[in-house]
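Residue numbers (our numbering), protein chains in the order written: chain A, 29 to 361; chain B, 29 to 361.
Take these hints with a grain of salt, some might be off.
Identical chains share a label here; the pair holds if one copy fits it or two copies do between them.
[To be verified] Straight line, CA to CA, 27 Å or less: simulated DSSO-like cross-link-like pairs of lysine-lysine:
id : residue 1 : residue 2
1  : K222      : K232
2  : K179      : K361
3  : K63       : K232
4  : K109      : K360
5  : K179      : K294
6  : K52       : K73
7  : K292      : K179
8  : K179      : K232
In short, the hints are calculated from the structure, not lab data.
Protein chains: 2
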Amino acid sequence: MIHLGIIGTNWITDQFVQAAHETKRYQLVAVYSRKLATAQRFGEKYGDIEYATDLDTFFGLAHMDTVYIASPNSLHFEQAKQGILAGKNVIVEKPAFSTPEEMAEIIELANQQQVLFFEAARNIHEASFSTVAEFLPTRGAILGANFSYMKYSSRYDAVLAGEEPNIFSPHFSGGALADLGVYPIYAAVAWFGKPQDVHYFARKLPTGVDGIGTAVLRYADFDVTIQTGKIADSELRSEIYFEDGTLDLNAVNAIEEAAFYERKTKQTQVLAVSALENPMIEEAQDFADIIENKNDPQQGQRYEEWVELARSVNETVALMRKQAGIVFDADKK
Amino acid sequence: MIHLGIIGTNWITDQFVQAAHETKRYQLVAVYSRKLATAQRFGEKYGDIEYATDLDTFFGLAHMDTVYIASPNSLHFEQAKQGILAGKNVIVEKPAFSTPEEMAEIIELANQQQVLFFEAARNIHEASFSTVAEFLPTRGAILGANFSYMKYSSRYDAVLAGEEPNIFSPHFSGGALADLGVYPIYAAVAWFGKPQDVHYFARKLPTGVDGIGTAVLRYADFDVTIQTGKIADSELRSEIYFEDGTLDLNAVNAIEEAAFYERKTKQTQVLAVSALENPMIEEAQDFADIIENKNDPQQGQRYEEWVELARSVNETVALMRKQAGIVFDADKK
Chain A
29 MIHLGIIGTN
39 WITDQFVQAA
49 HETKRYQLVA
59 VYSRKLATAQ
69 RFGEKYGDIE
79 YATDLDTFFG
89 LAHMDTVYIA
99 SPNSLHFEQA
109 KQGILAGKNV
119 IVEKPAFSTP
129 EEMAEIIELA
139 NQQQVLFFEA
149 ARNIHEASFS
159 TVAEFLPTRG
169 AILGANFSYM
179 KYSSRYDAVL
189 AGEEPNIFSP
199 HFSGGALADL
209 GVYPIYAAVA
219 WFGKPQDVHY
229 FARKLPTGVD
239 GIGTAVLRYA
249 DFDVTIQTGK
259 IADSELRSEI
269 YFEDGTLDLN
279 AVNAIEEAAF
289 YERKTKQTQV
299 LAVSALENPM
309 IEEAQDFADI
319 IENKNDPQQG
329 QRYEEWVELA
339 RSVNETVALM
349 RKQAGIVFDA
359 DKK
Chain B
29 MIHLGIIGTN
39 WITDQFVQAA
49 HETKRYQLVA
59 VYSRKLATAQ
69 RFGEKYGDIE
79 YATDLDTFFG
89 LAHMDTVYIA
99 SPNSLHFEQA
109 KQGILAGKNV
119 IVEKPAFSTP
129 EEMAEIIELA
139 NQQQVLFFEA
149 ARNIHEASFS
159 TVAEFLPTRG
169 AILGANFSYM
179 KYSSRYDAVL
189 AGEEPNIFSP
199 HFSGGALADL
209 GVYPIYAAVA
219 WFGKPQDVHY
229 FARKLPTGVD
239 GIGTAVLRYA
249 DFDVTIQTGK
259 IADSELRSEI
269 YFEDGTLDLN
279 AVNAIEEAAF
289 YERKTKQTQV
299 LAVSALENPM
309 IEEAQDFADI
319 IENKNDPQQG
329 QRYEEWVELA
339 RSVNETVALM
349 RKQAGIVFDA
359 DKK
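The shape of chain A in the complex, shown without the other chains (with noise of 0.2 Å):
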């Protein structure tokens, strides 16, 4: 069993906690917060767990082996630092870090303290994921796609209202990109690899992050097209286009729909995929394969894919941010 303990006590955090419960792999046995009052009020409903207001009590727990990490994501360095060395094992909510030397770092410092370290990438550990990732190669050469995510925020009546919640905060490493972009972005990046090139075309709100954007990621033989908002409502699907017909997708997270067009025979195949209720338990599935069995090396080699999954998705959005002249807090340390 995975003794678990949570950083944030939001409705994300909610259902990581779920996912995690529904595994039968993994039991919550602290929550941290800054106010013991809204620790308690989150861990109540899950029975007998220890309540922490301060991060060296939280990374003191002995019993308590992995961390779930989904504070305002300009925190999450620290923290993960803070527990890897501690010994425990963190799972970091996307976008984990808010730089490739962030990245860099904790990656290299849960190797040298023999823990592990994952990016909550939720969309890659979909099981209709992987479904279309082995349908790629199935099909004639790509030429191309287009992936889509953009969602207006409540939060952002908050801007609109002058104020300037985490989200939407260079402070806080916010913005479309770190919050929806990426998640197309990893579609991108597992499925065809790191791009040669990316060309990142955003528009900047008056905090100073991106409330829109399009990212063009350039490959050797064929561009892919990526639309995010946070401002904005689109309901556009998601489609990879292949010499000999087009894959047609709901979207590129939660994939429920997929169906392959064939130009030649005009048939459809229409793809078995389907979304879970709870999007979460599929990567903390995969997690826990590898926090139970880290001496496997199958499982190892997974692992070691991820890392430099959520390495190489890092570097692009750096980069595309750097293009569109966003600038964190994090970036002046």
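Since the structure of chain A is already known, use the hints to place chain B on it.
Same frame as chain A, but now just chain B:
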């Protein structure tokens, strides 16, 4: 009655003649083709037609006042020039001309000769297109847009077989942008004005023209992303993002579905739009309005707007083509 001559004997010419006749304001009087048999085969169903196999004879036909030119793109310029010098109005199928120099010369020459030049960009003449144009200023500020027009061309089969059909040839000013991309660019320039900047990411074919590409048109406050291609099929819809909601369109040409989702009220407002079975009737009507009322100031203003729109689109496309390294024979003149 407008006495119409045509250059080109393919399906699009047929569609235009049928559209023109349906308005009851045009009468086909002459057909040009290099081969008499081809001209006759095309014209016989239209009754009493004159046939010409050389352009001097064709443009010398005194009772023909207006010419529709749908030859391969690279031939438009010399044919339009000859027609204008012979005192004919010229309706030139899109893309009218290969370079801004050609476009400027034709516009100037038509003014000098007091005849009319129209680029047959049919989508901007649709009633549906105007309905959308009128809708735009009724909502909040525009935050962005995504327009798609990508369709596999059966003539690409010939390219794959090592041939070079005109529509995929730089000798004939072909390619995805020239043939299909021009429609969404027309939509963007007509609805939002000429972009301040443009970026075109294209994939070139062995023939030297673009087979598929993504463009980002940058405006003062938002970006328009455009997907086009002739080597793959896309079913992506088009969207315009506003501060207060999203306008969903089935496409930006032959618009037959348009609905605005208002975020605050969660209400969808369906716009009354429909596409005609023959998509060229509306442009034929528009051109006839001008031709029949050359001295009406209001019609003159509409005409000037279309001419300047054609110029802006041509300049935008030329810049995009240059960025993508697509060189036409027409560039070398």
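Quick rundown of the hints versus the structure:
Taking CA atoms no more than 27 Å apart as the test, K222 paired with K232 passes in both settings, with 25 Å inside one copy and 21 Å between copies. Taking identical chains as interchangeable, the C-alpha atoms of K179 and K361 are never at most 27 Å apart, the minima being 31 Å within one chain and 49 Å between chains. With identical chains, the CA atoms of K63 and K232 are never at most 27 Å apart, being 33 Å at best within one copy and 59 Å at best between copies. In this assembly of identical chains, the alpha carbons of K109 and K360 lie at most 27 Å apart only when taken from the same copy (18 Å versus 61 Å across copies).
In the homo-oligomer, the alpha carbons of K179 and K294 lie at most 27 Å apart only across protomers (14 Å), although the nearest pairing inside one protomer, at 33 Å, exceeds that limit. Taking the shortest alpha-carbon separations for K52 and K73, only the intra-copy value of 17 Å comes in at or below 27 Å, while the best inter-copy value is 77 Å. Taking the shortest alpha-carbon separations for K292 and K179, only the inter-copy value of 14 Å comes in at or below 27 Å, while the best intra-copy value is 36 Å. Proximity of K179 and K232 under a CA criterion of 27 Å is satisfied intra-copy only: 16 Å inside one chain copy versus 33 Å between copies.
Going down the numbered hints, you'll see the structure goes against 2, 3, while the others check out.
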